[in-house]
Amino acid sequence: QQQVKQSPQSLIVQKGGISIINCAYENTAFDYFPWYQQFPGKGPALLIAIRPDVSEKKEGRFTISFNKSAKQFSLHIMDSQPGDSATYFCAAKADEDSNYQLIWGAGTKLIIKP
Amino acid sequence: GAVVSQHPSRVICKSGTSVKIECRSLDFQATTMFWYRQFPKKSLMLMATSNEGSKATYEQGVEKDKFLINHASLTLSTLTVTSAHPEDSSFYICSARDVGTEAFFGQGTRLTVV
Numbered sequence: 131q132q133q134v135k136q137s138p139q140s141l142i143v144q145k146g147g148i149s150i151i152n153c154a155y156e157n158t159a160f161d162y163f164p165w166y167q168q169f170p171g172k173g174p175a176l177l178i179a180i181r182p183d184v185s186e187k188k189e190g191r192f193t194i195s196f197n198k199s200a201k202q203f204s205l206h207i208m209d210s211q212p213g214d215s216a217t218y219f220c221a222a223k224a225d226e227d228s229n230y231q232l233i234w235g236a237g238t239k240l241i242i243k244p
Numbered sequence: 007g008a009v010v011s012q013h014p015s016r017v018i019c020k021s022g023t024s025v026k027i028e029c030r031s032l033d034f035q036a037t038t039m040f041w042y043r044q045f046p047k048k049s050l051m052l053m054a055t056s057n058e059g060s061k062a063t064y065e066q067g068v069e070k071d072k073f074l075i076n077h078a079s080l081t082l083s084t085l086t087v088t089s090a091h092p093e094d095s096s097f098y099i100c101s102a103r104d105v106g107t108e109a110f111f112g113q114g115t116r117l118t119v120v
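Chains as they are written, first to last, in the working numbering: chain A, 131 to 244; chain B, 7 to 120.
One chain only, chain A, in its complex shape (with noise of 0.2 angstroms):
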């Protein structure tokens, strides 16, 4: 009930292509849906946030669409670049969780080919 499930655990994209990275819930009760870039040896990075009122966001060359009814939501890096290289975790919150934690993805280690 508490666990995102993400997927694929790693990509490879060329330059220039489309990076997509998928992410599946259980609880109903999660209403804030962030994603966070992470380099090696870094702390993570938060990169772009949705709640469920929108079915999209975009910031940049980074896009989360979002799926209520099917409990998905998904990160797209249009353009992708090599320094788009990194781990992405996505991330799952209830509002009503006054501790504020995060339930975490797996993560997907991304590599874009030059």
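Since the hints were made in silico from the structure, they are not lab data.
Some clues are possibly wrong.
[What the hints assert, rightly or not] As a list, the in silico SDA-like pairs of lysine to any residue whose alpha-carbon atoms are at most 20 angstroms apart: (1) A:Lys172 / B:Asp71; (2) B:Lys48 / A:Thr158; (3) A:Lys172 / B:His13; (4) B:Lys48 / A:Ser215; (5) A:Lys172 / B:Ser89; (6) B:Lys47 / A:Lys145; (7) A:Lys172 / B:Lys70; (8) B:Lys47 / A:Leu176; (9) B:Lys47 / A:Ser195; (10) B:Lys48 / A:Gln211; (11) B:Lys47 / A:Lys201; (12) A:Lys172 / B:Lys72; (13) B:Lys48 / A:Ile148; (14) B:Lys47 / A:Ala236; (15) B:Lys47 / A:Tyr162.
Given chain A's structure and the hints, the job is docking chain B onto it.
This is chain B only, laid out in the frame that chain A set:
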């Protein structure tokens, strides 16, 4: 975004000694801080949550006597790994938030126990 400074970024210690990791919020009040542990190629695992001035709440399976957390001020939390052993070697990450804000992450600390 807000800055969370974690220090040191790398530390090597001898088995049986203790090591302290600091986490500071530089430009906001960290009413809540979180400590995570991350194994290679794995997701973040929450160890404990602490609110300023209160005792930390540890996740199931995390030894509170081994991983001492102090959150004595609104800008500083420390994690002390006591009597460290090689199995404690890991990447430790802190994050911090104020009421109503997202969580911001430190850059992580690579602990190696030899």
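Evaluation of the provided hints:
no., hint, verdict
1, A:Lys172 / B:Asp71, "27 angstroms, violated"
2, B:Lys48 / A:Thr158, "25 angstroms, violated"
3, A:Lys172 / B:His13, "12 angstroms, holds"
4, B:Lys48 / A:Ser215, "17 angstroms, holds"
5, A:Lys172 / B:Ser89, "25 angstroms, violated"
6, B:Lys47 / A:Lys145, "23 angstroms, violated"
7, A:Lys172 / B:Lys70, "25 angstroms, violated"
8, B:Lys47 / A:Leu176, "19 angstroms, holds"
9, B:Lys47 / A:Ser195, "26 angstroms, violated"
10, B:Lys48 / A:Gln211, "24 angstroms, violated"
11, B:Lys47 / A:Lys201, "26 angstroms, violated"
12, A:Lys172 / B:Lys72, "24 angstroms, violated"
13, B:Lys48 / A:Ile148, "24 angstroms, violated"
14, B:Lys47 / A:Ala236, "9 angstroms, holds"
15, B:Lys47 / A:Tyr162, "25 angstroms, violated"
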